[in-house]
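Chemist: Chain residues, written in single-letter form:
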Amino acid sequence: MARERSGRTARHLVLVARLRHLREGAGLSVPQAATQLGWHPSTLRRLEQAQTSLDVGQVSALLDLYGAGAAETDDIMGRLNAANMPGWWHPWRDAMAPWLMDLMSVESAAGVVRTWHPALVPLLLRTPAYAMAVDEVMFPERDAADRRRRADFLVERQKRLQEQQTRLWAVLPVTALRCQVGDDEVMREQFHMLQQTAGRGDVTIQLHPEYAPPHPLTGVPALSLYRVEIQEIADHVVREGGLPGTAEVWDSPHPVQTYQGMLDVSCVMAIRPARTREVLQDEYDRKWA
Amino acid sequence: MSTTGNGPELPAQIDTSVAHSARVWNYWLGGKDNFPADRAAGDAYRGKYPLIETFAKESRDFLRRTVTYLAREAGIRQFLDVGAGLPTANNTHEVAQRIAPESRIVYVDHDPLVLLHVHALLTSTPEGATAYVEADMRDTGTVLTGAAKTLDLEQPVALVISDVLGHIVDWDDALSLVRRLVERLPSGSYLSLSHSTASDEAHRAVQDEYNASGAIPYIFREPETTVAFFDGLEMVEPGMVSWPNWRPDANTGTTTARAGWGAVARIP
Numbered sequence: 001m002a003r004e005r006s007g008r009t010a011r012h013l014v015l016v017a018r019l020r021h022l023r024e025g026a027g028l029s030v031p032q033a034a035t036q037l038g039w040h041p042s043t044l045r046r047l048e049q050a051q052t053s054l055d056v057g058q059v060s061a062l063l064d065l066y067g068a069g070a071a072e073t074d075d076i077m078g079r080l081n082a083a084n085m086p087g088w089w090h091p092w093r094d095a096m097a098p099w100l101m102d103l104m105s106v107e108s109a110a111g112v113v114r115t116w117h118p119a120l121v122p123l124l125l126r127t128p129a130y131a132m133a134v135d136e137v138m139f140p141e142r143d144a145a146d147r148r149r150r151a152d153f154l155v156e157r158q159k160r161l162q163e164q165q166t167r168l169w170a171v172l173p174v175t176a177l178r179c180q181v182g183d184d185e186v187m188r189e190q191f192h193m194l195q196q197t198a199g200r201g202d203v204t205i206q207l208h209p210e211y212a213p214p215h216p217l218t219g220v221p222a223l224s225l226y227r228v229e230i231q232e233i234a235d236h237v238v239r240e241g242g243l244p245g246t247a248e249v250w251d252s253p254h255p256v257q258t259y260q261g262m263l264d265v266s267c268v269m270a271i272r273p274a275r276t277r278e279v280l281q282d283e284y285d286r287k288w289a
Numbered sequence: 001m002s003t004t005g006n007g008p009e010l011p012a013q014i015d016t017s018v019a020h021s022a023r024v025w026n027y028w029l030g031g032k033d034n035f036p037a038d039r040a041a042g043d044a045y046r047g048k049y050p051l052i053e054t055f056a057k058e059s060r061d062f063l064r065r066t067v068t069y070l071a072r073e074a075g076i077r078q079f080l081d082v083g084a085g086l087p088t089a090n091n092t093h094e095v096a097q098r099i100a101p102e103s104r105i106v107y108v109d110h111d112p113l114v115l116l117h118v119h120a121l122l123t124s125t126p127e128g129a130t131a132y133v134e135a136d137m138r139d140t141g142t143v144l145t146g147a148a149k150t151l152d153l154e155q156p157v158a159l160v161i162s163d164v165l166g167h168i169v170d171w172d173d174a175l176s177l178v179r180r181l182v183e184r185l186p187s188g189s190y191l192s193l194s195h196s197t198a199s200d201e202a203h204r205a206v207q208d209e210y211n212a213s214g215a216i217p218y219i220f221r222e223p224e225t226t227v228a229f230f231d232g233l234e235m236v237e238p239g240m241v242s243w244p245n246w247r248p249d250a251n252t253g254t255t256t257a258r259a260g261w262g263a264v265a266r267i268p
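Chains as they are written, first to last, in our numbering: chain D, 1 to 289; chain X, 1 to 268.
In short, the hints are calculated from the structure, not lab data. For every residue, glycine included, the Cβ atom is placed at its ideal position computed from N, Cα and C.
Using 25 Å as the maximum straight-line C-alpha spacing, the simulated DMTMM-like pairs for lysine to aspartate or glutamate come out as follows:
#1 X/Lys57 / X/Glu209
#2 X/Lys32 / D/Glu232
#3 X/Lys32 / D/Glu24
#4 X/Lys32 / D/Glu48
#5 X/Lys57 / X/Glu237
#6 D/Lys159 / D/Glu136
#7 D/Lys159 / D/Asp102
#8 X/Lys57 / D/Glu232
#9 X/Lys32 / D/Asp251
#10 X/Lys32 / D/Glu163
#11 X/Lys32 / D/Glu248
#12 X/Lys149 / D/Glu278
#13 X/Lys32 / D/Asp202
#14 D/Lys159 / X/Glu127
Residues from chain D that keep clear of chain X, each with C-beta distances beyond 10 Å, as calculated:
#15 Leu22
#16 Ser29
#17 Leu37
#18 Arg142
#19 Thr218
Sample of chain D residues lacking proximity to chain X, with all beta carbon distances greater than 10 Å (derived):
#20 Val30
#21 Gly38
#22 His40
#23 Val56
#24 Gly87
#25 Ser108
#26 Pro118
#27 Leu124
#28 Ala145
#29 Arg148
#30 Arg150
#31 His192
#32 Gln195
#33 Glu283
Turn these sequences into a full structure, and let the hints steer you where they fit.
Modeler: Structure representation (structure tokens):
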């Protein structure tokens with residue numbers, strides 16, 4: 001690889017999806033297409049999975065093989081440069097786990113992020129102080145500067161999501177708000193932020209009450225579903241909760257749709273958004289007013 | 001905004017293992033908010049009647065053109081969309097607020113999942129408002145009380161009923177629910193209504209099969225029947241016609257000449 005990659009961008013993902021469709025339209029399997037070009041099948045597989053940057057010569061050879069028309073060829077070749085450009089998060093590589101670098105392309109183009117956390121305020125709704133307090137426990141080996149940098153990156157992600165008008169839809173048990181993270185000031189500030197955020201048109205928060213019967217996400221680790229409003233880009237699901245700094249990421253239909261169904265049922269069983277805002281107020285009054 | 005905040009009673013439930021018309025519709029329209037049961041039902045229907053996908057798109061396109069007319073030419077700034085369905089492209093508030101950002105829209109549906117998607121996904125312009133009411137459309141009292149929290153029911157409102165009255169199997173029930181809503185709206189309000197029709201016997205047979213599958217049934221009605229929804233109202237040109245013939249524009253297809261009809265009328 002000639003340059004250090006910062007993860008796939010949405011433009012990159014769209015182009016490789018188009019190349020895959022062209023191959024399928026030409027009736028060729030990956031091994032068939034690769035053999036005809038004298039490539040190893042894994043070269044083409046990696047290209048189609050956006051694991052390598054798009055090389056002008058390779059893409060041109062593929063378009064010839066697939067019999068793409070002149071207009072389509074010009075369009076795709078014209079987009080190669082932009083697709084190979086690094087994303088805005090490139091300078092933050094030091095603050096990111098490898099899986100997150102790949103996910104950032106999806107996040108940067110997401111129309112909706114749905115998220116569940118079983119025990120804490122979901123990441124994208126955390127204040128920097130709350131996030132650093134969680135990090136202190138999860139990553140004891142990191143120093144303060146490191147934690148600060150990760151919190152700054154989180155703030156940048158939240159700012160960008162708001163700017164790109166991504167809708168955020170979170171569901172969590174009310175008990176997740178009672179887990180004391182950091183000192184009282186950290187909690188009070190986090191609550192204040194949650195209440196303000198819940199009032200924004202682009203954010204939906206739903207709580208499960210203490211008396212809630214089991215719902216499909218009961219006991220499931222933190223997860224987020226990313227939806228890009230482009231047909232070519234599949235929904236992505238990220239599930240954290242294994243070893244610190246690790247996550248499982250899916251973009252294949254079965255796990256994604258199963259998790260979407262679990263989120264849907266969980267949200268239908270949770271308190272409605274308007275009533276959740278009243279419950280947030282009650283929770284604040286209970287301990288922090 | 002919801003009229004039913006669920007308190008300490010049992011939580012709402014949905015069953016994702018049975019096909020649901022809003023999600024089957026979402027599947028035909030190319031959406032991602034559907035489950036295996038919905039895709040199986042949608043595929044089975046489409047396999048026997050491939051035009052259904054086009055019908056779904058052209059029904060949505062009728063909605064787009066009528067809401068455009070209501071916002072641009074009739075000057076309507078308040079919309080009550082009953083039986084909204086899952087969010088897809090060109091939702092009522094998006095069409096209206098593109099023309100008049102101050103437009104206020106209330107979506108009504110009885111399915112909690114539909115309304116949570118509406119709430120979470122449909123953001124209003126800052127100048128206007130979108131809200132939702134969780135109610136059965138037959139419960140017109142709840143529909144209107146909920147709508148009144150966002151709309152001024154003393155000012156003209158466009159009542160939008162897009163292709164959902166086929167779910168009300170009893171004709172008198174369907175007619176009476178539309179009448180009860182129309183009666184409560186002031187002079188200068190509008191009714192925009194569309195209804196599916198069997199385009200041929202094969203279409204009718206496939207729908208019968210779908211209805212027998214355990215999904216909420218949808219029954220076809222002929223335009224000669226459904227025109228009665230507009231009794232006493234002032235029809236807007238061209239009156240009650242098949243979807244593609246209602247003020248077509250460059251994006252309007254011509255496939256559904258017999259699949260669905262609709263009209264827009266002014267409430268005197």
